[in-house]
Amino acid sequence: MTIDEVRQIILNILEDIAPDEDISSIDDNTKLREQIDLDSMDFLDIVMELRKRFNIEVPEKDYEHLATLAGCITYLQPLLKDRLAAS
Amino acid sequence: MAYDAVIIGSGLSGLAAGIRLAMFDKKVCIVEKHTVLGGLNSFYVRKNRTFDVGLHAMTNFTPKGVRNSPLGKLLKQLRFSHDDFRLCQQHMSEIRFPEHSLRFTNDFEFFRQEVADQFPQEIDRFNKLVEKILSFDELNLNDEKTLTSRPILESFIKNPVLIDMLNCPLMYYGNAREGDMDFYQFVIMFKSVFVEGFAKPVGGMPYILQLFEEKFKQLGGELRMGSGVTSINAENKTVESVTLENGEQLIAENIISSMGYVETLNHCAPTLKETEECETGQVSFMESLCVVDREPRDLGYDKSIVFFSTQPRFDYKVPDEMINVTSGVLCCSNNFDYPEPMKEGLIRLTNLANFAQWDTLPRKDYIAAKKHWRDRALESVFTFFPDFRDNVVFLDSFTPKTIKKYTGHLNGAVYGSPHKIKNGKTPVNNLFICGTDQGFLGIIGATLSGISMANLHVLRK
Chain A
1 MTIDEVRQII LNILEDIAPD EDISSIDDNT KLREQIDLDS MDFLDIVMEL
51 RKRFNIEVPE KDYEHLATLA GCITYLQPLL KDRLAAS
Chain B
1 MAYDAVIIGS GLSGLAAGIR LAMFDKKVCI VEKHTVLGGL NSFYVRKNRT
51 FDVGLHAMTN FTPKGVRNSP LGKLLKQLRF SHDDFRLCQQ HMSEIRFPEH
101 SLRFTNDFEF FRQEVADQFP QEIDRFNKLV EKILSFDELN LNDEKTLTSR
151 PILESFIKNP VLIDMLNCPL MYYGNAREGD MDFYQFVIMF KSVFVEGFAK
201 PVGGMPYILQ LFEEKFKQLG GELRMGSGVT SINAENKTVE SVTLENGEQL
251 IAENIISSMG YVETLNHCAP TLKETEECET GQVSFMESLC VVDREPRDLG
301 YDKSIVFFST QPRFDYKVPD EMINVTSGVL CCSNNFDYPE PMKEGLIRLT
351 NLANFAQWDT LPRKDYIAAK KHWRDRALES VFTFFPDFRD NVVFLDSFTP
401 KTIKKYTGHL NGAVYGSPHK IKNGKTPVNN LFICGTDQGF LGIIGATLSG
451 ISMANLHVLR K
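Chains as they are written, first to last, in the working numbering: chain A, 1 to 87; chain B, 1 to 461.
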């Protein structure tokens, strides 16, 4: 997967767990929590969706890497780079 | 065939836990001993009429778009839209005491003004109390030492009648403890009743329960009705299976039980020594449902819900008599903002009741006692409010004994044990509780309880 594809899958997950938020205006380097009202319950959902969709385990100590969209991409791209974007 | 989780009880907490687990592809089965969903918030049918039980109104109403409220969190976690719940807001409710009346709506500033008008000398102190309440973290799941609320309330408010009036709705809608209330529970209830507010779903409990059931099944969850659990098999403090009434065993990695804490431990085999040390709940109610031949407002009942005390002081405790007729809750289901008027007028009356006295009555006296105490309760209401006896077309009542029979909660204790297990843990490693005894109450609370226990003990593992 390319960086753009990884970015898109994260946006897809955010759209599913926060359907009323405007995902298109998200800034990559600002904390997600500050932009779209995510709380700790929602971060669990991001992690759970990654496990469900890509079989990726994010240990709790790594949750901090998911604070921004850019952080998510940096953290997840190595784990997803050999996957195909299709699904 | 092993389950990731077996959930005991198909009330809102069990269903919500089930939805969360099924959403993330856990193999999950909900077992329910009754043939109807809902547990403490359910419904029944008499003479072609469907009555909600438990639900007077949903507390915690916040409008669409508010996402950090309990309702907003619940909708996100279960992936419902606000519209799915079809919530209709209350018109206006009231706390009525002999000398004072405080009305409230879903706009907190209205209530603040009422307090200022009725208790002008208290308003500054009331505002300080509200500040404390709003800044209090009541959702902390760690069991800390609990504070009781009356000493805290008395440190702010001087007039004991105002304290009683604030307590009255909050205790009726969610206090498992006689006399006083844990402060964190007071805060939860204050926010859910006064700051947020009341609404009812179109279609009542049957609709909400069906919504949950459909979502659970769509996600692949399994639901077994009429399947009571006879034992939770926990050798060496680890559950391996549960045995059902038909003798079948379900093997499970985790058990989440909404039966109640003591009730759950009572089902463990071998017997747990911890069972003896548990505090059981005592608070239960009698409720009478009065179908009337016109809109309640045409009979002088224009409020959505009225919490009343005919005595100057309000005491929340198990009565010495069968029920306490001097105080209660009146709910007029019609007085909510429904798109279509309800087919019939319905006035519900709830009074504190004594489980032991109802439970020990012989069957033949039980029916007569229900009628006798219902009449007494209504007579007491009519010293304060207009008489509607000539307009009644159907009457039915249920008692603490009925609640025990259908929900299995000891003593018919609708709010469970006064001692809440906020982290849901039991002496058995993979056995957790959710629902009433975990500590979040009401429809929204129960649902959040199921969600948070499923998240904490199964999904985060």
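Derived by calculation from the structure, the hints in this document are not laboratory data. Computed from a prediction, not measured in an experiment: that's the story for all the values here. Glycine is no exception: its CB is placed at the ideal position from the N, C-alpha and C atoms. Where hints are given, some of them may not hold.
[Stated by the list, open to error] Quick list of simulated restraints, FRET-style, between CB atoms:
#1 I251/B x D82/A: 31 to 41 Å
#2 L11/A x E99/B: 31 to 41 Å
#3 D365/B x D37/A: 48 to 58 Å
#4 R33/A x D315/B: 19 to 29 Å
#5 R33/A x T146/B: 54 to 64 Å
#6 G220/B x L11/A: 42 to 52 Å
#7 R33/A x D375/B: 51 to 61 Å
[To be verified] Taking lysine to any residue and the SDA-like style, the derived pairs with C-alpha atoms no more than 25 Å apart in a straight line are:
#8 K217/B x P19/A
#9 K215/B x I17/A
#10 K52/A x E114/B
#11 K73/B x T74/A
#12 K73/B x F43/A
#13 K215/B x F54/A
#14 K317/B x K73/B
#15 K64/B x E15/A
#16 K61/A x N455/B
Hints, one by one, checked against the model:
no.: 1; hint: I251/B x D82/A: 31 to 41 Å; verdict: 36 Å, holds
no.: 2; hint: L11/A x E99/B: 31 to 41 Å; verdict: 59 Å, violated
no.: 3; hint: D365/B x D37/A: 48 to 58 Å; verdict: 57 Å, holds
no.: 4; hint: R33/A x D315/B: 19 to 29 Å; verdict: 45 Å, violated
no.: 5; hint: R33/A x T146/B: 54 to 64 Å; verdict: 30 Å, violated
no.: 6; hint: G220/B x L11/A: 42 to 52 Å; verdict: 26 Å, violated
no.: 7; hint: R33/A x D375/B: 51 to 61 Å; verdict: 57 Å, holds
no.: 8; hint: K217/B x P19/A; verdict: 22 Å, holds
no.: 9; hint: K215/B x I17/A; verdict: 16 Å, holds
no.: 10; hint: K52/A x E114/B; verdict: 51 Å, violated
no.: 11; hint: K73/B x T74/A; verdict: 28 Å, violated
no.: 12; hint: K73/B x F43/A; verdict: 12 Å, holds
no.: 13; hint: K215/B x F54/A; verdict: 23 Å, holds
no.: 14; hint: K317/B x K73/B; verdict: 33 Å, violated
no.: 15; hint: K64/B x E15/A; verdict: 17 Å, holds
no.: 16; hint: K61/A x N455/B; verdict: 17 Å, holds
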